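Q: Starting from the given sequences, assemble the full structure and let the hints guide the process.
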Amino acid sequence: MSSLPSLSRPAWLSPRVARTEVLAGLVVALALIPEAISFSILAGVDPRVGLFASFTMAVVIAFTGGRPAMISAATGAVALVVAPLVREHGLDYLLVAVILGGVFQILLAMCGFARLMRFIPHSVMVGFVNALAILIFTAQLPQLVDVPWLVYPMVAAGLAIIFLLPRVTRSVPAPLIAIVVLTLVVVATGLDLPDVGGEGQLPDSLPFLVLPDVPFTVETLRIVTPYALGVAFVGLMESLMTAKLVDDLTDTHSNKTRESWGQGVANIVTGFFGGMGGCAMIGQTMINVKSGARTRLSTFLAGVFLLILVVVLGDVVSIIPMAALVAVMIFVSIATFDWHSLRTLSTMPKSETTVMLSTVAVTLATQNLAIGVGIGVLVACVLFAQRIAHLVEVSRVEEPDGTVRYTVDGALFFASSNDLYTQFEYAHDPHEVVIDLSNAHVWDASTVAALDAITHKYQTRGKSVEIIGLNEHSSDRYERHTGQLSGGH
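In our numbering, the protein residues as written are 102 to 590.
These are calculated hints, taken from the structure and not from any lab test. None of the values given here were measured: they were computed from a predicted structure. Possibly wrong hints are sitting among the right ones.
Computed spacing ranges between beta-carbons, pair by pair [said to hold, decoys possible]: (1) Ser-447 to Asp-352: 27 to 35 Å; (2) Asp-352 to Ile-420: 38 to 46 Å; (3) Val-286 to Leu-350: 28 to 36 Å; (4) Ile-420 to Leu-446: 40 to 48 Å.
Even glycine gets a Cβ: it sits at the ideal position worked out from N, Cα and C.
A: What follows is the structure, given as structure tokens:
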């Protein structure tokens, strides 16, 4: 009698894993509160709009997302996108933009947007990580300027706990211990230091379903569509980049397409519950991962704990000193930065360094990770095309029968083929010329146009040209486009 196959239970059902996930989710929830309030202010909305968005995004993405342990919530990037819309048209238009942005994200996922991640070079990823670390650190500076001097030793003490405690025990996340210890010190001593309560009023009720009060007209669609597209593209860019980073940190793979449409579903739900929208949060994700979380449970609990903390335990949360949360975020920025990239600056190729630095510079200048990544990819493409263009070689050999054979080696595309026609001796060559492309590959119509230009120059001198050696792909492209493009130079 054959035995029934054993059913594997989820990893988070293990007591040890569950404890780690629960504690990591609690730390993330505490770190989310001031961030969500700050991003709400940045977007020009009430703090509860950002807090509710962080709750719904985290809870929904725990089920729909493709990257376990990644945290999604209200973010600064999305806040920057929607701030002008809120300023000019109000909260209800923001909710419509968030819902429509979620729809766009689902459509982009269906169109394979996630596959574009393969075109992001490693140097852009390094620039993304380093810029992110700098942004996380600089975001803490307002909490360190014009504050009581006791804030500085409190932050230092928090950092000491976070960095030294893991040498003693890893059973409890060090950031959580730092928050608890510093809070107890402030309460016990009665120190008058900036706290979470000073960042904004915490909500005292649960989020509820709302229908945006806007006219359902073409004009409304015209107003919100540009912002919805911004929410969709910025959100997906940051989420997929963060997912790739977590993949590298944990040596695991994630479903980027599922993450893409999952973000869309989360934004739609968030919009209907009065939230400002969001995407993956690299800082909170790093806290979660560095705390040992690896499953969806921590993401789900981060949202649940956030709601409990702000609605039920708002009075307790409000007394947490901002110095404790600043210490946690400084730790995250230090842990996020790729310090190895600094040590290898002198040995890396100049093109790689240029791409990395341009990604960092643009991101810091625009305060927008999506724009920084986009410019970084563009710079990488230009430098790659420039480098490949110089790898094409043309050699000339006079055959015994009186013909001349040109042999072309390398990849032929717009950057390498534009000057191809200058490498032939039109006036001095005999009446019969052979161009051998056995060691070359025709990649685009620009190359076909260049070959047509070469043929045309010989024909105007009464000479014939035979192109041989085209592989199947190159031959198909050449046959389809030759004679149809402007070949004159």
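Q: Would you mind marking each hint as holding or not holding in the structure?
A: Now for the hints, and whether the structure bears them out:
1. The hinted range of 27 to 35 Å is satisfied by Ser-447 and Asp-352, whose Cβ atoms lie roughly 29 Å apart.
2. The hinted range of 38 to 46 Å is satisfied by Asp-352 and Ile-420, whose Cβ atoms lie roughly 40 Å apart.
3. In this structure, Val-286 and Leu-350 meet the distance hint of 28 to 36 Å, their C-beta atoms being roughly 32 Å apart.
4. At roughly 44 Å, the beta-carbon separation of Ile-420 and Leu-446 lies within the given 40 to 48 Å, and the hint holds.
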